[in-house]
Amino acid sequence: MNRRAVSFVEIVIALGILIVCMVPVLTMFGSAGRAVLKSQNLGFAIGFAHRISQHLLAMPFESVTEVPLPGQPVADGPDDEFFNPVSNFGTTGANALRITKAQTPDLWAFLRKYEFRYALIVNNVNFAAGDRMKCVGIIITWKEGGKDLLYKLYTYVPDI
Amino acid sequence: MSTGSTRSPGTAGSSPTQDLRKLLAAWADEAGDPLQRPTWADLQLLLLPLKGAPSAFWDTLLPSLPPSQALLATMTLARFDATVRAAFLKRACSVAPLMPPSQAAVLLKLFPHDLVLAGFGPALLAPPPLGPLAAYLLARLGITISPGDLPAVLTATPPASAPLENLARLVPPDQLAAVIEDLTASLASASGASRPALEMFLNILRSERRSELAEPAWARPAPDQEQPQARPPASGAPPTPRPGSPLAQAQARLSGMAVETPAPAATKVSGILPQGLLDLASGIDRHVLIGIGAIVISIPLVLLSTTGVSPDAPVATPMPRKVDKAPKYWTDAVSKRRITHEFLAADNDFQMGEMFLVRQEYGEALSLFRDALSRDPEHVGAQFRIGCCLFLSGDRQGAAKAMTTALEMQQDLPEAHLYLARIAAANDEWEPCLAHYQKEFELTGEILVALEYAGVLRKLGRFPEAIALLSGLPPRFAGHLEVVNLLAQLRDDAKEQSP
Numbered sequence: 001m002n003r004r005a006v007s008f009v010e011i012v013i014a015l016g017i018l019i020v021c022m023v024p025v026l027t028m029f030g031s032a033g034r035a036v037l038k039s040q041n042l043g044f045a046i047g048f049a050h051r052i053s054q055h056l057l058a059m060p061f062e063s064v065t066e067v068p069l070p071g072q073p074v075a076d077g078p079d080d081e082f083f084n085p086v087s088n089f090g091t092t093g094a095n096a097l098r099i100t101k102a103q104t105p106d107l108w109a110f111l112r113k114y115e116f117r118y119a120l121i122v123n124n125v126n127f128a129a130g131d132r133m134k135c136v137g138i139i140i141t142w143k144e145g146g147k148d149l150l151y152k153l154y155t156y157v158p159d160i
Numbered sequence: 001m002s003t004g005s006t007r008s009p010g011t012a013g014s015s016p017t018q019d020l021r022k023l024l025a026a027w028a029d030e031a032g033d034p035l036q037r038p039t040w041a042d043l044q045l046l047l048l049p050l051k052g053a054p055s056a057f058w059d060t061l062l063p064s065l066p067p068s069q070a071l072l073a074t075m076t077l078a079r080f081d082a083t084v085r086a087a088f089l090k091r092a093c094s095v096a097p098l099m100p101p102s103q104a105a106v107l108l109k110l111f112p113h114d115l116v117l118a119g120f121g122p123a124l125l126a127p128p129p130l131g132p133l134a135a136y137l138l139a140r141l142g143i144t145i146s147p148g149d150l151p152a153v154l155t156a157t158p159p160a161s162a163p164l165e166n167l168a169r170l171v172p173p174d175q176l177a178a179v180i181e182d183l184t185a186s187l188a189s190a191s192g193a194s195r196p197a198l199e200m201f202l203n204i205l206r207s208e209r210r211s212e213l214a215e216p217a218w219a220r221p222a223p224d225q226e227q228p229q230a231r232p233p234a235s236g237a238p239p240t241p242r243p244g245s246p247l248a249q250a251q252a253r254l255s256g257m258a259v260e261t262p263a264p265a266a267t268k269v270s271g272i273l274p275q276g277l278l279d280l281a282s283g284i285d286r287h288v289l290i291g292i293g294a295i296v297i298s299i300p301l302v303l304l305s306t307t308g309v310s311p312d313a314p315v316a317t318p319m320p321r322k323v324d325k326a327p328k329y330w331t332d333a334v335s336k337r338r339i340t341h342e343f344l345a346a347d348n349d350f351q352m353g354e355m356f357l358v359r360q361e362y363g364e365a366l367s368l369f370r371d372a373l374s375r376d377p378e379h380v381g382a383q384f385r386i387g388c389c390l391f392l393s394g395d396r397q398g399a400a401k402a403m404t405t406a407l408e409m410q411q412d413l414p415e416a417h418l419y420l421a422r423i424a425a426a427n428d429e430w431e432p433c434l435a436h437y438q439k440e441f442e443l444t445g446e447i448l449v450a451l452e453y454a455g456v457l458r459k460l461g462r463f464p465e466a467i468a469l470l471s472g473l474p475p476r477f478a479g480h481l482e483v484v485n486l487l488a489q490l491r492d493d494a495k496e497q498s499p
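From first to last, the protein sequence lines are chains A and B.
The numbers in my numbering rise by one with no breaks, and the one at position 66 of the first sequence is 66.
The numbers in my numbering rise by one with no breaks, and the one at position 4 of the second sequence is 4.
The set of hints was computed from the structure by calculation and includes no laboratory data.
Please note: incorrect hints may appear among the correct ones.
Derived lysine to aspartate or glutamate pairs resembling EDC-like cross-links, with alpha carbons at most 20 Å apart [to be verified]: (1) B:Lys51 / A:Glu66; (2) A:Lys143 / B:Asp332; (3) A:Lys38 / B:Asp332; (4) B:Lys325 / A:Glu62; (5) B:Lys51 / A:Asp159; (6) B:Lys336 / B:Asp395; (7) B:Lys51 / A:Glu62; (8) B:Lys51 / A:Asp148.
According to the in silico footprint, chain A covers these stretches of chain B (three or more CB under 8 Å from chain A) [to be verified]: (9) 81 to 90; (10) 432 to 446.
What the simulated footprint calls covered on chain A by chain B, stretch by stretch (three residues with Cβ under 8 Å from a Cβ of chain B suffice, anywhere in the stretch; the number is not a length) [as the list claims (entries may be wrong)]: (11) 36 to 49; (12) 58 to 64; (13) 68 to 74; (14) 129 to 141; (15) 146 to 153.
From the three backbone atoms N, C-alpha and C, an ideal C-beta is built for every residue, glycine too.
This is chain A alone, in the form it adopts within the complex:
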């Protein structure tokens, strides 16, 4: 009997069909994964904004100053009131942890990957009664799926 082997062309076509069938399945997983990713990044952004907000309320009134857009990077950023140092479980400055590759590698890698940044828009408001406040717009930006995303939170700092 003259039996034909499977030719290379047939293998290629079969692989092509397989790939075409796999695309919707993988896309389904992909979209679920992206939803998780979006939720995770937004959660981080909200957390950052609230951290800044809490620190603003504890800072001296005069030292609440503008951080213009595009803002400061959270990872590898300079020493500031908000993220560097990010925590200190010790009793001296030597124990302070900063968001750097050496000290907090996982957090650093995550924040660098999505380019998390923060900016502050500060406006001084003087009321007729003589008291004053600062209206501070806290802007958190990051990159996700080729898009520039933003989360904003406004907080009011009174001059007490």
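Since chain A is already given, all that's left is putting chain B on it; use the hints.
Positioned in the frame of chain A, the structure of chain B alone reads:
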């Protein structure tokens, strides 16, 4: 920022300010990197807690110091702490014109170029003496600026040869030809005032031989000017334009945040495969080649569709160092709306307006909401708040118009119908009033709206409708005290009304 230290180096019998002056003097006399000098350890204990002190403190202290010490202190604080950097760089700009330019240049050599650029870059836009001085200092330190900022800087620079000579040194040498080309093109459209400066600058750029750096003229300040002043002179600091304005953007770029050179034009790809590869493929069937091509194209597509699936995906793209340029717009992660710089400025005004509204300062609030709306005509919140302010300040007609416009912008805007109902009630227009209450209740289902609505129905003697409204509330409101009371009163009223 707290240093976490409670120790003080002050000796008994001397005030902290005197200690600070002594340490500053000793520190200024030492050599080397300011942060490595022996006195810095003691000095920072006094200096750093003061960095958040009110502006008035620094405005008094700095002019009373020798200018070299003041410049050293302000630049060091700016270098040490990013949160106060902007304020101290401005102070450094105020101090620099008080000393001979060459001395300022020697001091600034101790600091990183990006810090000096962040401080004196925006100062290029300041009027003389600061603007030309900044150009001299940057040129002396070999710092260059982005060619895109030259037009703005040229506008601020006096049309004299010395300042323009210094300015020419700020052009990156590798982009000189492109700058000349751009400026020549803009010369044609230049107006009468800026044309001579532009022509002179172009001549300087074209001349192959550069003269020596021209040191700006400096006159020692009169003794009375060296005394402490309540505020630094207005010309001694870079201008502070409104955020988002072209001048502010130029300042931001000049401060080194967006100094990006345009990428060289991509080399044209011929699209022709190497001859060797073609020779290899010549022996393979055409259909096989198409199949391989399909697979090669499909694999990246499949990979692309699955990238970003795992939150723990390995880090593949490190953050570039020079991304300090704000994008044209962002996407709001919550509302998905496009956020532009104009929208942020409008939202800023809106948020300030909210503060005045809460404080019942309706005039100020109204003005801010109108500003917000003029910046972003699609800001529904601002349009709605304009209506609120007008209503609360007694302008019912204006309020009704504003609320109607807000509803045209967003049909399901909560509270707009409520205000329209209240306005109609105040005008004794009961049918429109009830219609607005009905729409508001359908939109929000709020119990307070239902109570207000039922109250109006009761006032009009339409008890069965009011009873039906309150009885139809969701079960969770069944025990609400006000609902129970009003229902009881309505039933009594209905009994009295019936024969």
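Going through the hints against the structure:
1. B:Lys51 / A:Glu66: Holds, at roughly 16 Å.
2. A:Lys143 / B:Asp332: Distance of about 12 Å is within 20 Å: holds.
3. A:Lys38 / B:Asp332: 12 Å, holds
4. B:Lys325 / A:Glu62: 27 Å, violated
5. B:Lys51 / A:Asp159: Cα-Cα ~18 Å, so holds.
6. B:Lys336 / B:Asp395: Roughly 35 Å separates the two Cα atoms, so the pair is violated.
7. B:Lys51 / A:Glu62: Holds. Lys51 of chain B to Glu62 of chain A sits at ~10 Å (cutoff 20 Å).
8. B:Lys51 / A:Asp148: 34 Å, violated
9. 81 to 90: holds (count 7)
10. 432 to 446: Contact hint for the region 432 to 446 of chain B vs chain A: violated, 0 residues under 8 Å.
11. 36 to 49: holds (count 7)
12. 58 to 64: Satisfied; 4 residues make the cut.
13. 68 to 74: Coverage by chain B holds for the region 68 to 74 of chain A (5 residues, Cβ < 8 Å).
14. 129 to 141: Three-residue rule met by the region 129 to 141 of chain A, so holds; n is 6.
15. 146 to 153: holds (count 6)
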